[in-house]
Amino acid sequence: MTVVRTYDAVVIGAGHNGLCLAAYLQRAGLRTVVVERRHEEGGGANTEEPVLPGFRFNLHAQYMEFFDVMPMVRDFGLEDLGLRTAMPEAQAGIAFADGRPPVVLHRPDLSDRTHASIARYSKTDADTYVELKQRAMMMEPQLAAGLYSPPVPGAAESQGPLVEAAFGDLGVGAHFLMKSPKMVIDELFEAPELRALLYRTCVEWGFPVDGQGTGIGFLTFIMWTLGNWKLALGGTHTLAKTMTQACYREGVDLLENMAVERVLVEDGRAVGVVARGEEIRATKLVASNADVRQTLLDLVGEEELSPLWVRRARAYRYGPSHVLGTPCFCLYEAPVYKSARWDAELDRCFYTMVGFDGPDDTIEYIRDAYRGVVPKPAAGTWVNSLWDRSQAPPRRHAATGWYFLPSASELSAAEWTEVRATYNERFLDVWHEFAPNMTRDNVLAHKLYTPDQMERKNLMREGDFSNGEFAPDQMGANRPFPEASSYRTEVDGLYLCGPSSYPGGGMHAACGYNAFKAIAEDFSLPSPLVAERGY
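Using the numbering used here, read the sequence shown as starting at 1 and increasing by one per residue.
Any given hint could turn out to be false.
Now the in silico label distances, taken between C-beta atoms and shown as ranges [to be verified]:
{"hint": "1", "residue 1": "GLU164", "residue 2": "ALA477", "range": "18 to 26 Å"}
{"hint": "2", "residue 1": "PRO141", "residue 2": "TRP387", "range": "26 to 34 Å"}
{"hint": "3", "residue 1": "ASP357", "residue 2": "ASP441", "range": "23 to 31 Å"}
{"hint": "4", "residue 1": "ALA165", "residue 2": "LEU110", "range": "52 to 60 Å"}
{"hint": "5", "residue 1": "GLU261", "residue 2": "GLY77", "range": "34 to 42 Å"}
{"hint": "6", "residue 1": "GLN134", "residue 2": "ASP361", "range": "29 to 37 Å"}
{"hint": "7", "residue 1": "ASP298", "residue 2": "ASP441", "range": "46 to 54 Å"}
{"hint": "8", "residue 1": "ARG262", "residue 2": "ASN437", "range": "51 to 59 Å"}
{"hint": "9", "residue 1": "ARG456", "residue 2": "ARG395", "range": "30 to 38 Å"}
Honestly, the hints are just simulated from the structure, not real lab data. We put the beta carbon where it would ideally sit given N, CA and C, even for glycine.
Please construct the entire structure, taking both the sequences and the accompanying hints into account.
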């Protein structure tokens, strides 16, 4: 085997976390290469035309809630490189088949509209929601700093006093740290319609509604991000494109169609990778955007690891709380909902729940998916062409959504083929009950992207977009497991920078940013800290 390239740093995988890390490494003075197995960068930030020409769909990532706090956006001038966004006024809503009033949550600067919508069902709930949202937004500097800093062991145990200081006068005490999101939502809100919407939006972020010990995440993280959603104009792949351009501008090399076959380890140290039969050497470090099992067990190999690390990697869990299917519908008209007669903004809502009557069928849907059963058809939907005409031909619309589905291994290949052939059709029957214009005649064509395909295409094991279950033993300083929570591994010079690391999945690039902080400490590189933002 011939050594064809040598760099200071090799990054495995050009997902957005890998791109983020590479840009900071190169800027800090390390000659860096990113080795990507596909023909394009971005991982889950991909926008394609999988159904008909001119109809563009985000096959995974949809809404962008971190652009205002994401360090790389400002540090590398991504807006100057072409990152453009829109922020719809109506952010999240739920429609009903019987045409009763919807619940519509608006942007934080339009809290009066949110209050009026919720107050149709409960003024008490409206008061509570707006107050919680305002307090969560006041916590944004602290929440952002926590997101963009390596996790601190023991931090979860010290949250009690902080929770009581922030929400104590609302009856929220330290014991809420032990509750599930569903318990928190049910205790704080009385209107079934609102509770159903909050269940679903909570799950959109991968927080299992029945997960004991994760309920406080609803009050902080979910309430902070809910209603802060932006649309990347041109599709979410524009984020990947601008991050790639930032890497090129800094001098990073990107090698596409180069699947990494193994990490080279010599005398206990990572010294490079083998990709498509070629050896790419690293004089200082190798960082992996791949998930923790693939990195340690497949690319490094058990023979280079201690028994403890082998056991930890094998025990790491994927799904079921982040497992999605993505439908793509090419439409003549955007949906017009029965419930919009009460509030026309529902028809221009960024994200709309369809197929749910209230909290009971919402929780049944979620639990079915978690236990490996294909749920009755229902979805969270987006019609991005309402704000971005580039995503559909003139006088046409592109609608997509997220189904929550069982983990990839729960169904056979034949069963997934059957789901792809039938589930969209079944959902259209449901959609028509909520929006009468959503007939077969309104649909030019459609397609469904299922978890087994996501696993193969984006290497998201089990179709889990966060590459690891969100549970207390796999969150915070326990992610992916305590010994690896600092982004370092027991192989000298090998680092983790993908969503198996803290804080997990999402288009925030925090895994790559925090990995750079760890590497900067180890190699005495310039820190990315920007004084005015504090992280």
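Exercise for review: Any hints from earlier that this structure breaks? Give me their numbers in increasing order, please.
Suggested key: Of the numbered hints given earlier, the structure breaks just one, which is hint 4.
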